[in-house]
Structure formats: C-alpha cells, structure tokens
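Q: Please build the complex by placing chains B, C, D and E on the supplied structure of chain A, with the hints as guidance.
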Amino acid sequence: MSFSPELHHWLILSTILFSIGIYGVLTRRNAVGVLMSVELLLNSAAMNFLIFNHYASKPFIDGAIMALFIIAVAAAEAVIAMALFVAIFRSRKTVDVTQINTLKG
Amino acid sequence: MNELANSFAFNNAWLIPALPFFSFLVVGLFIRPVSDKLAGIVATLSVATAAFLSIWLAFDYFSAFPAGAEHPGLISWSFEWLRYEEHLAVNVGVLVDSLSILLMVVVTFVSSLVHLYSIGYMKGEDGYGRYFTYLNLFTFSMLGLVVAPNILQTYVFWELVGVSSFLLIGFYYTKPSAVSASKKAFIVTRFADLFFLIGVLLIAVVGYNAMSMFGAPGSLPDNVSAFDFSYLTSSGVSIMMNNLGLLTPAMILIFIGAAGKSALFPLHIWLPDAMEGPTPVSALIHAATMVVAGVYLVARLFMPFAASGTALLVAGYVGAFTCLFAAVIACTQDDIKRVLAYSTLSQIGYMIFALGVASATETLGYTASLFHLFTHAFFKALLFLGAGAVIHAVHTNNIWNMGGLAKKMPITNITFLIATLAISGVWPFAGFFSKDEIIASAFGTHHYVIFAVGLLVAGITAFYMFRIYIVTFLGKARSEAVNKAHEAPMTMTIPLIILAALSAVAGFVHFGDFVSVGAESGHAEGGFPIWIPALLSGLSGIAIAWFIYAGNSERSKALTERLGAIYRVIYAKFYIDEIYLFVTHKIIFRFISAPIAWFDKRIVDGGVDLTGWMTRRGGAVFSRLQTGQAQTYTTWMVNGVIAVAVLIWIFVS
Amino acid sequence: MGLVSWLFVLPFATAIAVILTPAGMPKMVKKIALAGTSLHLALTAFVTYKFVQVAAFSGDAVKDALITHLYLVEKVPWFESLGIQYFVGLDGISMFMVILTSIVIFTGVLASWTVTERPKEFFALLLILVSGVFGVFVSFDLFLFFLFYEVAVLPMYLLIGIWGTGPKEYSAMKLTMMLMASSALILVGFLALYQGSGKETFDLIEISKVHFPIVFQNWVFPVIFIGFGVIGALYPFHTWSPDGHSSAPTAVSMLHAGVLMKLGGYGALRIGLYLLPEGAQNWALFFMGLTTINIIYGAFAAIKQKDLKFFTAYSSVSHCGFVLFGIVTLNMIGVKGAVIQMFSHGIMTALFFGLIGMVYGRTKTRIVTDMGGLAKVMPWLAVCFYIAGLASLGLPGLAGFIAESHIFLGGFVGNQWADATTMRILTVIATMSIVVTAVYVLRGLANVFQGPLKEQFKTLTDATLTEKISTGILVVTLAIVGMAPWYFIDLIEAAVYPMINRLGLTASNWMVF
Amino acid sequence: MDITLNPADLTHTIAFYTLALTSIVAALIVVTAKRIFRAAVALAVVLICGAGFYILLNYDFIAGVQLLVYVGGIVILIVFAVMLTSSLESIEEPPSLGRKALGLFSSLAFLATAVIAFSETKFPLSSISAEQPKDVAKAVGRKLLDYGAGGYVLPFEVISLLLLASVIGAIVVARNPKRKNEGSAT
Amino acid sequence: MNALAPEIIVAVTGFVVLLADLFLAEKRKHILGPLALVGLVVGGVAVFNLMPQTVEALGGRFVFNPVAGWFKLLFILAGAFTAIFCWQSRAKEKLESDGEFYSVMLFTLVGMMFLISATDLITLYISLELATIPLFALAAWKKGDPLSGEAGLKYVIFGALASGLLLYGLGLLYGLAGSADLQTIRETITASPALWLAAGIITAGIGFKITMVPFHMWAADVYQGAPTTVTAYLSVASKSAGIAFMFQMFFGIFGAQLSEWGWLIAGLATVTMTLGNLVAIVQNNIKRFMAFSAISQAGYIILGFLGPFSESVPSMLYYLFIYVFTNMAVFGVIIYYNDTTGKENIDDYKGLSRTNPVIALVMMLGLFSLAGIPPLSGFVGKFFLFNIAAKAGYHWLVAVAALNSTISLYYYLRIVRQMYMEPPTADAKSLSMSKALAFTFLILTIGVTLFGVIPGIYETINAQTSGWLSALQLFP
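Protein chains in written order, with this note's numbering: chain A, 765 to 869; chain B, 3 to 655; chain C, 17 to 529; chain D, 5 to 190; chain E, 269 to 744.
So that you can see chain A by itself, here it is in the shape it has in the complex:
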C-alpha cells in the first residue's frame, strides 16, 4: 500500500472537507458561519473537479476551468449572502439563524 496519495486518498480528503462543510451548514447558528461552511463546500467540490481532472486518462483542462468558475460562483454567492445578512441585521438586530423563524406552519 504505497503511501503516496492515490486518487481515492484525494477523494476521501475532499469528501471529509465536504462533510465538515455540511456539518457547518446544518449546525452553525451565525448566518455568516453558515456562509463560511458553504465556502468550504464549494472549495472541496472544486478540489474534487481538479482531482478528477488530474487523474483523467486524457490531457484534460475542463476540470480546471470548472474550478475557476466555481470560485467565481462562490464569490457571487458570498456577495448576495453578505448583502442579505446585513439587511437582516439592520432589521432584526441579529443574524442568529435559529431566531429568524417567524415564517412557519
């Protein structure tokens, strides 16, 4: 069992990061914390693409391009999320996700 990182080592790594991201989204009370966990998710997904691209049989670049785009999308998401959190903070004085639950039933 050679220790040098094989494909499935990389995949396991990215999946672990992904799962931690999920844990973060599901449990973080602070909205910004949730956003950070989302960034984690996107980052590990981008890594996934690069891993697959790295181990692709043919010389491929699509995975790398996808990674680039993912970063751009993450940026866009972060922008909107931040704007929303600020708007919420202004009207509710809190960004604690668990307290923002007036819409239910």
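FYI, nobody ran anything at the bench for these hints, they're computed from the structure.
Predicted model, so just to flag it, every value in this text is computed and none were measured.
A partial selection of chain E residues facing chain C, derived with a Cβ cut-off under 10 Å:
no.	residue
1	SER621
2	ALA670
3	GLY720
4	VAL721
Built from N, CA and C at the ideal position, the CB exists for glycine as well.
A: The following block gives chains B, C, D and E in isolation, referenced to the frame of chain A:
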C-alpha cells in the same frame, strides 16, 4: 269456436272491462269538476251496459256450449303488451270461459246495483264525483282481473284492485281512522302480493327455461308464453314442475297472495277495518267482488293446485279455520258492518275450503265453491246495502241503539230478512243450496274434520245473523234516532229488492251444468242427504238466537257476564290486531328501520366525514413539519439526498 | 355542427344567453331559460324522429350484433397523436336518456320559477350542468365522456352551496368530494382501458373490439363499476345523496336525482358491462349482493325519515339500487329493466322533488309530521304526489312496474355464470322492497295529505299554471311509459343486444372482429 | 507490500498529509469556533491549504487564482460581513445538542455513503496522474476564449452576467433605505 | 450566431432597462416596464422564427432544438407576465428599485434560457446558478418588510447548500465519465454506486429547484415572505427552469437508467403530491397556500418522467404551458387584490364575487383549472400526464394522483366558497383596474379556458418535440 265467432257479445267482449275504464277517464277528468249528478249517472250507465253485455255474452256462450258439455276457454281479443323474452310475452286480452263469465256477470251486476244505490246514499257528500271515479276504476280493474288470459295480467289488475280499494276505503280522508284503515288494507294486501309475485316469477321462469330448452308443449301454439293460463294449466307442465319439486312451493306462494286479497286467517286484519269506507263500497268490494278474487285465482289455477295436492290441502285447512274463527268473532261484535265483515270472512272460508277438499277427480267442491260465490255475492251485497240503508237512517253503526226498525223501514226489513234467511241456509233461499253442496263435497271427499267445521259454522252463521236481525229490526226502539228513521229513498230500495229476489231464486240454478272443471259436471251423487243435518244446524242456530235476543235483553247481558273473560277475548278479535301493530311498530320500525337510519347517519356517513377529518388532520400534522428553522430544512435536504442514493442502491442492486 | 352536437350545445348557448342578459331583468332570465329548454324539447323530439327513421330495431343484424351500432354519428379528430376524437352519436339507450334529460330539465326550469336570489347565475349553472349530462349521454370517446362527466359534477357545488337550504355548504362539499373521488376511480379505469387496449385510441367502439385479458378485466371492472356506482348511489357510497338532495334547491335536486344519478347506471352499463364482459361475469354476484342491500337498506331507512326530501333521497337510493341490480343480472331482461328503471326513476324522482319544492314553497316546512290534510287545499299537487308515490312503489299502469317486473324477472331468470339459487334468493329479498316502499310511501303521503287540515294551512293555494304544466308532463310521461311500453322497449332492446351477446363470447371466439 | 520511497514522492506524500491534516483541523475550527472572527481566520487557513493541494496536483495557476480571489477577496468580504453584523468579540452560544447530533449524523452518513460509493466504483481513470499540459494557465486561457468545439466562451459570458446580477441584487438588498429617500427628496 | 439571438436580445434588454433606470427622471420611470416587455416580446419572436429547426452554435456548446425553444417561450411568457404585474402593481410603497428588478429578472431569464441549451456540465451549472442566485436577492427585494428578509435568508442558506451538493454530484459525474460533455457522459456512464450517489445528489438539486418533497421545505416560507410578484415568478419560471434542468439530467444523462428508476419517480411524485395537497388544506395565508399548491403541481409534472415514452416530453411541455397561464392568472388576482387592499388571507376574499365579479371569475377559473376540472385546460394537461403514468403501468399512481386532485379541489373550493358564498365584509369596495391589467387578465383567462379545448397547441408541441427523446435513443 265458430258458433261464437259471429256473436256480437263475444267479438267485442273487450268492451266489458273497457267501458268502466273509459267512463273512469271521462268522469274523472271532465265531468267530476263540472256536475256531480251527471257523474253519477254516467258512471252507473257505463257499468250497467257492461252488465248487460256480460249477460248477453253469458247467454251466447252457454247457448253455444250447452250445459254439461265441455266449456272451452276462448280468447276473444288480445294484443302483445310487453315482450320480456322469447317465451315470456304478456299479451293483454279477454279470455272467455265459464269461470270468467260467472265472475263477469256477478261483478258487473252487483257493481251496477251498488252504483245505483250510491247515487242515493252518497247524495250531499263532498267528493261525490271522486267517489264514482274510484268506483269505476275499481270495476274496471276487477273486470280486467277476471278476464285475464295470463297470470301476469292477473297480477297487474290484482294490484290495481288493491289500489282502488285503498282509494275507496280512504275516501273520507279527513277521518284519521279511515286513513289508517286504507293504509293498513293496502300494505297487508301488498305484503300478500309480494308472495304472489314471487310465485308468478317462479312459475314463469321454470316454464321459460323448459320452453327455451324443449320448445312449447305439443298441444299449444309454439309462441305460447310461460305466463299464459293455457300453458300453466296444461297437465304436462304441472307434472314437469312437480317432479322439479317447485310446483307445491309456487302454488302455496300464490295461495298466500290469494289469502291476502280474500282476507284468510293470518292476513284478515284489514277487512274489518275496511268498513271505514262508505257502506256501498263495503257492499261491492268487501262482500261481492274483491274478496272473492282469491277464490277466483285458486279456481283459475285449480288444475296445478290439484296436481300439487298439498297446496290444496293447505287451502282447505286455512279456509276451514278462517271460517270457524271469523264466525265465532262475528257473534260478539256490536257494529253491524263489522259483523257482516266477519261473516264475509267466514263465507269465504267456506268457498276456499270447498276448493280445498276438491281434487282433480272429485270436482264437486270446485263447483260448490263457485256456486256459493255466486249466491253469496247477492245476499251479502243485499245485507250490506240493507245495513247501509239502516245506518243512513239512524246515523249509527252500533246495533244496541237501534231496534224496532221493522215498522219504520218495511222494505229494508223484508229484504234484510230474506238475505238473513239465505245466508243461514234456510231451504228455499240460495244459501241453502250452495252451502249444502259445499258441506256435501267435504263429506263426499272424506274430509270429515272440515265437514264437521262446515256443519258447526252453518249453525253459528245462522245464530249471529239472526242476532243482528232481531236486535236491529225487532224489539223496542233503543234510541230516539230510531223514531225519526224513515224508509230509504227509491234509488236505494230498488237494488235491495232486486238483490232480494235474486237471493231467493239463485239457488235453483243448475250451477253444475254451467261451471265445472275437468270432464264431467259436478253433481252431488246420491248417498246420505247432507242437506238435512245442514238445515237442522241452521235452524237450531236461529232458535238459539231467538231464545237469547228476542224479548227482553237481560238474557243476553247475563250470557255475556257468564262467559266473562272468553267473551272479552273474542270481542277483542283475539288481539290479532294488537299483535300486528306490535310486530310492525315495535319490531320493524324500532328494531330495523330506526337502527338502519341511525347506522346510515352515524357509521356510513360518519365514515365519509372521518376520511374528511383525517385528511385535515394529516394536513395539520404535516404543516407542523415546517418549523421555520432554516437549518431543519437543510437537514431534511441532506438526509433526503442520502435516502435517495441508498434507495437507488438497494432497489437497483 | 351535426344534429346530435346541438343536444349539448343548445343548453350551453342558453346559459351564455342567460349570462349576457342585462342585470336588471330577472323575469327575462327565466323566460330565456324556459325558451331554451322548450326549444330543446323540440330538438329532442326531432332527433328522436330522425333516430327512429334511421335506426334498425329488429332483424338478425340487430339480434346477434357484437358491436354497438351508432346512428347520427359525428366524428372529428381532436388530439390525433393520442387518439382522442370528438366522437358523438346515438343508440337506443342514449336516445332514451336524452329524452329523459330533456323532459327533466324543462320541468326543472318550470319548477324553479320562484328563484329570486341571483337568478342569472342559477339558471346559467343549471344549464351548464345539463349540457354536461347531455354530453355524457351522446359521447362515445372515453376522453370526451370523462370531460362531460366532470363538467356535470362541478356546477353542483355552486348550485347547492349558494342556493341550497340547511347545512348547504357541508352537503355541497361532501357531494362534490365524493363524486370527484368517484371520477378519480373512473379515470383510472379509463386510462387502464386506453393503455390495455394497445390501440392508441380513446374511441369506445374501437376499444370494444379488443379482448382484454381476464386478470386485467377482473381489476378494471370493479374499479369502473364502483367509480360509477358512487354517483349511482351504490350501497356504501350513497351517503352524499340524502344530504346533497335535502339541501339542494328544487330544480337542482330534480336534475341531480332525476338525471345525474343515472350517469352512474349508464356509465356502468356502457363502459363496465360493454367493454369488460368477463370482468362483469366474475363480479356480478358480489355487486348483486351489494345492490340488494342498497335496495332494502334505502327502503327501510326511508321509513324513519321525517324530512320529505330525506324521504325521497333514500327512496332514490333504493331505486338506483334497482338500476345497478338490473345491470349485474347480466341477462337481456335484467339489463333492459335497468335501462327502463333509469328512465322511470328519473321521471319519478324529478316529479317527487318538483312537488316537494312546490309544497315547501307554500308550507315552508318539509317535516312530514308538521303537515296534514293538504289534499283539501291543493288537490292537484296531492293527486300528482299520489301518482308519483304509486309509481315509485311499482303500481302496474305506471312506469315503475314495467322496470321492476323486468328486473325481478331478470334476477329470477339469472345467467350461466352466477349460481342461480343465490341470485333467486337475492331477487326475492329485492322484491321485498315493494312492500317496504309501499309502507314508507303511504305513511309519508298519508301524513302530509290526509287527515285533518291544520289551521295555518287553510289559506294555501293550489298549483299555479307553470307548476301544473311541469307536473302534468311528468305524470303523462309516467303513464305513457307505464301503459304503452312496447315502443320504448324496442328502442332499448336493439341497443342492449350487443352487450348481452358479448357476454357469451369466450376468449377463443373473440377473434370475430 | 513494497514501499517504494523515492525522494520526489516522499516530499510529495509528506506535503500531502501535512496539508491534509491542517486543512481538516482548520475546517473543524471553522464550523465549531465560538468566536466568528476566529472561524473566518480558520477559513483562510483552509483555503490556503486548498491552494497547496492544487500545487500538489500541479495546477499552479488555479492555486494562484484561489489565493488571490478566494483568500484575498471572499474571505476579506466575510470578515467585513462579520464586522458589520456583530462586534468582533461577540460570543456565539453553541447550537442546541439535538441540532448538533442531527448535523453530525447527517454529515457522517454522507461521508460514509460517499466513501463506500468510491470504494465500490471503478473510476475509468488511470490511478497514476496522466501527463499534464505543461502550462495550465495558457491552456485555460485559450480554452476560455475558444469559439470552436471544445471552447468555454459561453460560460465565460454567463458568469459575467451572474456576477453583474449578484452585485446589483446585493446593492438593492443592502442599500440603506433612509439615505435613498433623502437623496430623492432634494 | 442567430441561434443565440433570443438570449442576446433578452440580455441586452436587461442592460437597456438598467441604463434607462439610471438616466430617466423619477416621473418617467414608469416606461421601464413596457421597455422590458418589448424586449421580451422581441426575444419571443426571435425564438419563434428559430423554432422548428435544430441549430448548433459555438461548436456544439449551445444547441437550440424545439424542446429548448418551447422552454424559452415558457420562460419569456413567465417573465413577461411578471413584468406586467410588477409594472401594473400600484402597491403603496412602490418598488423604488423597479429598474433593478426588471434587469435582475431578465438576467435570471437569460440564465434559464442558457440552461436548456447547454450541452456541457460547466455551462449547465453556471446557467443554473445564474437562474438561482439572483433569485435570493429578488426574494429579499422588499426592504422594509422583515419577512422578505427572512425569506431571502432561508432561500440563500437552502440554495447555497443545494448548489454545493449539486457541484459535488456534477463532480462525481465528471469523474465517472472523464469528460464534461453531456453527450459523452450519457454514453460512458454505467450503473455504479458512485453514479447512484450522484443521481441522489442531482435529484436533490432538481428537487430544490422544482420544490419536490424532501427538498421543498424552503418553498412555503420563501413564497410567503417574498413580494408577491417574485413569488409568482418563482412558482412559474423557476419551476419550469427546474423541469428544464431535470430534462437535461434525467433525459440527457440518466436516460438509459431512467426506465429502471420508474419506482423512484413514482415514489417522489406520490409523496410530493400528497404532502403538498394535505398541507395546503390547512393554510390561511394565500401565498403560503399557493406555495403548497405549487409543490403538489410539481408532483403531477414529474409523472412525465415515468418511463421515457414519445408522449412524455410533449405532455410535460403542454402541462407547463398551461401551468404558466393558470398560475399567473391566480397570482395576477392575488397580486392585484393584495396590492389594492393589502390583504393576504383566504378569509379576506369574502364576497369577492359581489364586489368585483370579474376578478372573482378569473380567480375561480384559474383555481378550477389548477384543480383539473374540465373543460378548462388544467384538466386536459393533467389527463395527458396521468395517461403517461398509466402507460408506464403505474395504475395505482394514477389513482393516487386523481385522488390528490380531488383533495386539491377541496381546498380550491374553500377559496371559491369565500368568494361566492360568503357575504362581502362591510368595507369591501369594487376596485378599479387599468386597461393593461384587464387585457392581461383577458389573455390569461383565454389561456386557462381555451388552451385545453383547442387541439392545435398540443399537436404542434407534439409534432416538434416528440422526436427529441427518440434522438437520444432512449427507447428500448
């Protein structure tokens, strides 16, 4: 057949039932609102012409087929009304044979007399036109019933007769007692008609199956229908049904239907209450015509009844029991019409058990029964019309506040006396001959039990008839209404007189030559002269009645005390009515229809509401899933992903 | 736009005309509705005349036909890719039903002459409902059939909900929900037939040429029969009928009980029996048991009812039980009886509900015990009530008897698939209903019309002209069918022959098409 | 089980494991840190390790972009958001136990499913890294603007629209309502 | 280039509106609405003349086939109706930022149009994100209202997680197939645990977009919180985009496996329909009620995926077409009534038929069409979808679906009851309506009533699109 071909009466025999129908429509729709008088006249005239026609037909028929010779059933006119299936067509028409002619004559004759009588009796009553319309409807349906060539047409008119009697009994619809009486009559007869219908269906289907397999029996045309009497009464069919074991149950079912209409024992409760209707109605329907429909039916299906044997026996014993049972009750009643009602019950009991004792070979019973039907129609109608005249005069039914009417109403008195003598079986009058033949036929066919009952009842009949006669007509007047009583007007007395004449002379008709079944005519063969004991028991009955009721009435009061409890039970008609009431109201209404109505409301309806409620509950439960927590939502999502992946994995592999 | 299409387009057009009349003239609305429906009566008469001219009633072609032969057919492709077409035509049964509906709607409009609240919407919805019903009776494409079936159900909610009495919203909702749930079952059946036939068409005649496997028929037949049974008041699903009818306004309950409940019987016959003969054979006995309960249950429940409308509703549950009972006897007599019963009960109930509406209009109460002796005050209504009552208990000479005699005889004659003795026992139980019906009919009528007249009813008036015409027509129809039925029966027999002949076919000789 | 250790691999492997360890620990801090600012810093560490990974996978260009855009841009943005929405020191009480358990369960379940899925499936990829185009940056650049068959000019345009729309949306949402009215009032 | 014409036109309209908003004075701002409308109409015309043929552009990266064409028409229609309602709504606090609203909406529209024409993973993902992320902002458009904020927040959290998961799934697909091109992916992937995980994740991504049950949680709160015009846009455009994405995924990639996964689709459809219908019964807020109605409609639409048949695609497109008109009709009334009276509860619709009968009629027809009552178009649409379920042999599912539409009738009738049977409240008054809005309602009512009966529409869709599936060689 050809002799009758050119006889006018035979060719348009259909007019006989049709005339009352047309006059029913004309009077009902047009004349009634216009003028009462005209309605009465038109109605009476139509029935009178029908009577004339039927007598003419009778004359033609019996001249074509002289006495003693074989009397074939000829269909004078028919058209296919309803075609269920190949061998199940119903061709409505007019069958002319000795039985139907007898009935036609009796019905039209008595009906026209009752119509005439009613013109006087009903004068001044509101709904005068309506009364005559119903009377015409009744006559039409009764005639339709007797001329029916097939059993389904009989059933159809059977129901129409039931409805018209319902309408007539409930004529005074403002009187609650009349309303409930009409309801009771209709429902009881309807209950009996149920068994009749099932019997008809059973025979028809067996016949249909047989014919669709083997084709029509040789002797009959191949498009014969399983309903036609010609098919049903053919001997081959009866044998076939018998070995299938269906003949006896079918015949007993039909007999129950007949028992319902003719008010035999268990189903008799409606007849006494039917007296609520106007008296001429009782005279026509509950004396002469409707109640004998049952007898007619059994007579019409005599051959299959005889073939099944047990069915006839059942008829015999039921008839006998009714005869005794009714006679005993009749002795205790105070209302004059109730007494006559029970006496009708008892006389019909006679006719039924006369048929019961007869058999395929011994047809004397058959002839005797129809002869009694013939004579009974006249004197019973007379008795009722007489009673009607009396009631009309003193405005009460209770015999105890009548008395001494003989002087006030001579004609009614005499005619009533003739009828009483006739019914008691005193020699020259009609009753003697017909009742004697019945008792003879019972004796002749060794049914000694029935014979004994017949003999005893002859005495009892005489007793209660004379009790009535003595109490109403003789003795002192017991109420001042009697003093004001005066003789009934002309239109009422004429029918009385005619009927009295007939009840006197009818006995001498050699009935056997005209009406009989099977080959030879029914004549009482020699042997022990049965009429002697019959006459003796009748006279002894008169004597006892004379002894108790003539002169002062203490003796009758003393008699009632001594009998005490027994008297009360008989007077209360053995509480049969109360039993029926108990059964219908308590059991059917409370224990069947109420629970069903409740069950329907609560369980079935509840079931539907429950499903509605459950969906709403489901909605509320699921809506609570939306907790408002964004993170619960995301957890649902992730778990959803895992679930879908795992599910695919499980299912696909 | 052929003749038959006009049958359902005319009421729809009248509905539009009613909606477009200016708001301020309620009188005009009623006149237009009446004109529309009377025009429809004329149209139906003309269509019947044409139908009778062209239709063959006797002869071998009719006797051993295996496919329903349609007349005055209009067929236009609609959604070609799915095999849906606008396929409209007439055969004996549809003709009979069209006549019934036309009469009932005409008398219905006449009977609702006293509607004052929002008459425009009332008459419009009523006419839309009836055009749906006409549509069902003349359409022979499953899609079109289903479309018209549901069009007929929806206006019912608004009609009962807005113009009804008593717990009107509850009953309107319950009625609509149960009928829509039943249409869900029917939809499953139709789509199964469409897929099962493998012919890529919704055309009833084409599908009828296909022999569905026994297993398929065994589950599709009950689905369709129960689907249609719900609107035909089959036993456990009848609970909408008492509530629905008692809170519906007169014309609506006339139309609903008189005609809409016949859709159930018609559908079960046209789709269930005709397309799935083997399925029918296997299920016949079960449903016969159910319908027998239907008959007896409805009759006994009616005895206890105090409210006239409940009383008639339960009686129509019992009479509709006869219709379904007739169908599952699976022989010519029984099925013919079922169709006649559909017609006769339709007329009878329309007459009953019309009269109840008129009596209620006067005495303002429907409770039987409160009323009494009304015959003296309103003789015409009393006579008509009695005729309707006597017809419903099957008095010969009126339509009821013809239908019931057919059905009882059919039950007795039986068929070669069901065990004869059980069928006969069930038929005997069903026959008992004529006694129970007599009991509740007479009790009801006696309480209302006979007996001493109560003080407050002294001043009531008898039927007005419009009421006389509407009740008159219905009574005359009952009498005509009752006394001279042979003409109608030929009309039906020719249409029922194919259904019965198909029952005889087995898988092997199905290839005859 | 031959363990072939040549010097290039050795450094490669060691770098991989150290980076992996640090990034996992930093990720855990991100999701569990009480103080939100500390989480932001941890996020930066994770992203930097990510860039390290890209280098290991010899995608230096992407690593560069990651460092510049992700760490430089987005993390700074997040820090701004943290400052705007709550004071630096504000302690955030931990999530309720139930939510933590549920979150843990879901994430571990996902991890387990994913790992099992990987171990079961045979990816059609060679286990050893294929030879990579020498200059990643040039290849990516050319691909992005290539109108031809394999080109990605379309997403390039679409991403621009996305960023524009997000920015507009963000401005509208986050605009301070008071100032806007005064502006228009004059 | 002309293949991209529609997208370019709409994008340019977006920019034009944005710039016009910048330069126009306050009082002239009301022409922004018509401006956006004109752009959309021109875009629609562009789609129409492209319609029947299949055109490729950008070396195969962008394909315009009839299915894509009909989807674009759907999006444009949805966008146009939303624009009209936004333009016509005289809400008291007028959406000051109308200009931005139109442009952001148009950009999302472009995103949806690219989504359906994409042939590779990257374009697919990016256009999906373009079609989703700006919606987070749209949901939170009403600044003053905290509910709108909350809606935006929930939408962001849920949406971000969904896009993260989706990315992971697409990564797996990329790994399995070794290429980003959908065509090659479809041909190379074989059944493997990773694929099933990817399928699970992608179902989640789709589920989020079209509000399928396990992934529908966000819908109720966001629909209620967001401004009504946005809710309308979400319920129609976003759902159609989700279906377009599902087309790409379930027909585009998992086409081969789809016939085996019939049970999954059936299961999801049943749960979605039933839960959507059941919860809708107990709702009081009309927008939240429409959310659950939308969820149940999603349940009906995915019936189309049961076994790829030639009728599947045309039936779904036809249903979506009718769904746009029906839902927009109902939302139009809700927006109009909400704007003028500010009332959002079902009980506030008391006696509407008395005060303003026209709106009540439009609302009633819309609701009945949603419930699937003939002869309205909703019924015909549903009938064809149920037909597909029956064709796939899921008769029990047809029964469940039909019973569900009966339950749906129950809660639609609740509203009809309020409008027609309850007496109007005291303060109810008849509301005036601008000509443009009246004209829109007219078109919507025509759509609701006549589209079902006129066979032309379904036949043209069927003629053009039934070939698409066979082109993918999916049929066994």
